[in-house]
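K.L.:
One letter stands for each residue in the lines below.
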Amino acid sequence: MEHTSRLERIIRIVLVALILIFFLFPIFWIFLMSFQTNEDILRIPPSPFFTPTISNYQALITGKLVSAAGTLDIPFMRNLWNSVLLSSVSVVIALILGVPAAYAFARFKFRLGEDIAFTLLSFRFAPPLLVLLPLSLYFQEIGLTDTYAGLIWVYQLIALPLILWIVRGYFEDISPDIEYAYRIGGHSWWRTFTRIAVPLAGPGIAAAGLLAFIFCWNNFVFALILASADKQPVTVGSLAFVTASGIQYGQIAAAIVLSVTPTLAIALYAQRYLVEGLSLGAVKG
Amino acid sequence: MAQVEIRNIHKGFKSGAVLSDISLTAETGEIVVVFGPSGAGKTVLLRLIAGVEEPDEGAIFLQGRDVADAPPEARGLGMAFQNFALFPHMSAYDNIASALTARERSPAIIKAKVDNVAKLLKISHVMQHAPRELSNGQKQRTALARALVADPRILLLDDPLRNVDAKLRYEMRLELPSLLKASGSTVLYVTQDYKEAMALGDKIAVLLEGGFVQIATPTEVYRAPATLGVARLFGDPTINVIPAEPSLRDGRSVFDLGGVSLSLPARYAAVAGKSCMLGIRPESIIVEEAPSAESFPVEVVAITPLNEKSVLLLRTYDGREILAAEAGVEQSSRRIGAACARLDADAVLVFDAASGRRIAPVQS
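Taken in order, these protein sequences are the chains called Y and L.
Numbering-wise, this note's numbering puts 388 at position 127 of the first sequence, and it's gapless, one number per residue.
Numbering-wise, this note's numbering puts 197 at position 208 of the second sequence, and it's gapless, one number per residue.
Worth double-checking, as some hints may not be accurate.
Claimed, not checked - With beta-carbon atoms standing in for the labels, derived distance ranges: (1) L:Asp140 / Y:Phe386: 54 to 62 Å; (2) L:Glu46 / Y:Pro460: 31 to 39 Å; (3) L:Arg94 / Y:Gln532: 35 to 43 Å; (4) Y:Pro460 / L:Arg54: 28 to 36 Å.
Derived from the structure by calculation, the hints contain no laboratory data.
Every value quoted in this text rests on a predicted model; they were computed, and no experiment measured them.
Even for Gly, the Cβ is constructed at its ideal location relative to N, Cα and C.
Using the sequences and the hints given, assemble the complete structure.
P.N.:
Printed below as a string of structure tokens:
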């Protein structure tokens, strides 16, 4: 154990505190905003003292937005459900397709292998707007516009390359000898894949799945163009708070709190898989 | 029937040929040590037999069956990897049991077999530990147990003692022969330690630059190495090599060393006039205080103890440095400085200077 002086400890605490404030303060502020009325929020100077209200959450959950101009219907809960459905189904499909593909790219050298892998990665380079116009035309033709299936398909552009490239790296880190040892023990290729390769790449698969989920969750333009109100996720749904009678900051804050919660919960849950370094000490040298 | 038969195997990678025209047979219960320096292709050979790599040419027969199309899981062999290749997410017990679960359904039988092999290898107390909690010695034994547990007819061991400390290596070198013999398996054992090869092998196959140079018993490899290269690999300290062009005198080949004419045994008469390399094992050089017949003057330059032997670096009067090894001589009796050395002429090996092949003596 390294000896640390008192001064060093104090500096460390101060720095950690600064970093935490930098990253957590906006979340904290939005959390406070979600319990304020628009008037409280727009007061100058801003004050942390206010009478909390749950009217913002009420409006979101009941779907009735009461403003000066009258009552407005917002399908926020439906948007939230859409987000959950689109993101999770997209990630599950991307995992089913991407993990075996990542394994293939990691283990087998085949013709055009690198080119295919790179092409898949290049989907991440292209600005989404570039593909949206032709895509929306095609989707109209084959009837995929405004369907969950269509959106989930497009979301593969986001999720699949991410999973493929992250998981591939984890598979490459597993010594092939470990897999060979299992096969020599009499197990088939498929069993080796499911019992050895996938568990060992587990932390990587969890990390990639989580990242892909967050990327899908945060997507905006695909759903904006390709889906109508009842299929749209929260990112697009939040546009409804920019109303004719002004921007509903309170409701936006409440919507952010609600829509961040699922990703935050998943991140906290997956954290232990991300940290677990399974491969330690198994292979010498 | 040979358990393992390799016929004219060729294998190359992008960087070039690794194995060319390799043939080898191993009979039931035989321990064949594949010995060679690192990079000779030993591991590749085992991987070809295990089915992890495919040969470019040639055929491999296991128990008489051509295994060209058989995947690793269908070859029915056991293998211990040099890097252990334990499954990090399974306990030592599950690691060992993994070699049984594919074929054996009954948990009771699996448990009995694993417990048995664990007891044999003295790792019963760590069966519930994960590989990362094991010491190197325990990892090595776990890997060995995994290879042994299913009683494979053919056992491939890839330098299993490479990554363990010297003490354990010494212990295992003593234990392994009886352990392997008891298993009744045909063993292919890869090592680059000549002592290990000599201690374990019924037969040593010396792999140099992608080909077998000699396949023979340990004694034969040591006493009658096929080439100078083989002679250099076996023995510590390494064999002294002295270039010479012997001339014929009184029906014997005579060569010059340190200003003195020394004669080879009569059966080497035929090498006179040829350009040769003489291989003289350090232990067949006898260092004496007083000169005697056929001894030549040397200067003892350095004395190094090596286990129970001491190694003497000698310099002849024409400046050639040779090594002598002696056992059982009181070390303190040796002094740096002038002395005399004598050869055990019977133990001199003669190699052709151009090809490096050993020239066999002609028995009269």
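K.L.:
Against the earlier hints, flag every one the structure doesn't satisfy and list their numbers going up.
P.N.:
none
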